[in-house]
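Sequential numbering from 3 applies to the sequence shown in our numbering.
Among the hints, erroneous ones may be present.
Unchecked claim - In silico DSSO-like pairs for lysine-lysine, Cα to Cα no more than 30 Å straight-line:
1. K114 <-> K78
2. K114 <-> K134
3. K104 <-> K114
4. K134 <-> K78
Hints were generated in silico from the structure; no laboratory data involved.
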Amino acid sequence: MPKSFNKPAGLGGILLLLGAANVGFAESPEARLAAAGHLLPDPTEPVATYVTSRRVGNMLYLSGHGECGEDYTTGKVGRDLTVEQGAASAEKVGLCMLATIKAAAGELSRVKQFVRILGMVNATEDFTDHPKVINGFSNLMVLAF
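Using the sequences and the accompanying hints, generate a full structural model.
Shown next as structure tokens:
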């Protein structure tokens, strides 16, 4: 199986509501992430004929994402990876998506809310802890926003 189809976590169908920069927080989302040891990677380039984001009015739609870069996790959760490793992969996907959002919106503080998130986990048939894996992404978003 090609590596691109063997990643443990992917997220897609992200829909965000954008507005003016949020000045209610003392720190930016980037500063909160950096304080926790997270740095945004460079946004990924599409690997096929699609765009990574599309803005329509004040809504930003993102295409599906996997982990960025060359050093990414592969395998099935429940066979090759633990729940914790899957959650770490979902967190990396979240960082990649935040990089795409920042590139499209200019700054993460323009994000007002997430309208829809679709999380997918590459797991064994008997695996049932999908929400715990996707929490790697969710916890990162709570930290940032």
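Okay, the hints, checked on the actual structure:
Distance hint between K114 and K78 is unfulfilled; the C-alpha atoms sit about 34 Å from each other, more than 30 Å. Restraint check for K114 and K134: the C-alpha separation of about 25 Å stays at or below 30 Å, so the hint holds. At roughly 13 Å between alpha-carbon atoms, K104 and K114 fall within 30 Å of each other, so this suggested pair holds. Only pairs whose Cα atoms come within 30 Å are accepted, and K134 paired with K78 is accepted, the gap being roughly 14 Å.
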